[in-house]
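Protein chains: 2
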Amino acid sequence: MGRWEPGAGDRLREAALSLYMERGFEQTMVADIAERAGVTARTFFRYFADKREVLFDGTSDLEEKSLAALDAVPVTASALDAVAAVLDAVAEMVGGSRELARKRQTVIMANADLRERELIKLATLSAALADRLRQRGTGDVEAGLAAETSIAVFRVAFSRWVTATDDHDLRDVVRDTLTRLRTLTDAG
Amino acid sequence: MGRWEPGAGDRLREAALSLYMERGFEQTMVADIAERAGVTARTFFRYFADKREVLFDGTSDLEEKSLAALDAVPVTASALDAVAAVLDAVAEMVGGSRELARKRQTVIMANADLRERELIKLATLSAALADRLRQRGTGDVEAGLAAETSIAVFRVAFSRWVTATDDHDLRDVVRDTLTRLRTLTDAG
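First to last, the sequence lines map onto chains X and H. Reminder that position 64 of the first sequence reads as 63 in numbering that gives the first Met the number 0, one-by-one numbering, no gaps. Reminder that position 124 of the second sequence reads as 123 in numbering that gives the first Met the number 0, one-by-one numbering, no gaps.
Worth double-checking, as some hints may not be accurate.
For chains that are exact copies, the list does not tell them apart, and a pair is met inside one copy or across any two.
Stated by the list, open to error - Below, simulated DSS-like cross-link-like pairs (lysine-lysine); rule was C-alpha separation at most 30 Å, straight line:
1) LYS50 / LYS64
2) LYS120 / LYS102
3) LYS102 / LYS50
4) LYS64 / LYS120
5) LYS102 / LYS64
6) LYS50 / LYS120
These are calculated hints, taken from the structure and not from any lab test.
Between the sequences and the hints, there should be enough to build the whole structure, so can you do that?
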């Protein structure tokens, strides 16, 4: 083990995203990322298993915190209020830097394998949320619908947020999108 | 070109699904499918490009008919009513044989690559529906939400239908699921 390098994880992430944007994901090597971040390849591998992991290393944390947010909602709350709380927690987790989020989204949309991985990530999260809702006593169909709908709201909100030119934070955009869903389903 | 074989496409599909269930998708060869269906491998390839295509050959037809169903809805209808009409059309297309649908679903859920392909199919359909809704004058956010929500409803409804023991047809289950979504978002 080499010595610990303060901020190396963040520098590696920023270097990787910039290189993926400049050269494409496929064409970027771990050695290039390490060089741009001013560290060794060995340091890179202390933070990430491979170059794809730079884009997806928050996945298990995302699921864990989403379920924790769900557990914190009283079981008497409606299924939609429960997933609204989850969406708030997710927005707080991934809504930190819009610039990084925008780069990440651009890189992912440009590569079929990465798009698949992102779809799988969200489908897995949806299934985990539905299971937990069922455990809380939500009916089978409602649990599935609430979970799938929350992913739908998140996808639309996230896309709005990364492409927006105003300075709303992600949580506000998520809440607004959920409100619009209610309006949409009322009006239909 | 060999001579045309009446019903060979359906026989090949049923043979393939049965073999995928018995041996697993990976372990089944095109030659096995042809043999079970009583045709040559050459006949198989007149119907399907490869063994995966047996499971996904309706994809472009699904998108085409979904968009046609959307086009048939007056532009004055709400976005949700528009996608409800699309869901009816989709249910009619894929709701023919529950036994075959159940086998297909079992095979897909047992294989990571096939699950990915199915996710991509639905995400692609969602994007196409959202684009068409925008062309019809639906607002950007509402179009994305209506399309994503329709996929959410379809996923939940389809899963209910293939696992159900009663004899409701898929269209009824889709409509009931959409009604439950309205209730869910009202109550939240």
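Quick rundown of the hints versus the structure:
no.	hint	verdict
1	LYS50 / LYS64	within (24 Å within a copy, 40 Å between copies)
2	LYS120 / LYS102	both (18 Å within a copy, 25 Å between copies)
3	LYS102 / LYS50	within (15 Å within a copy, 37 Å between copies)
4	LYS64 / LYS120	both (14 Å within a copy, 29 Å between copies)
5	LYS102 / LYS64	within (23 Å within a copy, 35 Å between copies)
6	LYS50 / LYS120	both (17 Å within a copy, 26 Å between copies)
When held up to the earlier numbered hints, the structure conflicts with none and fits them all.
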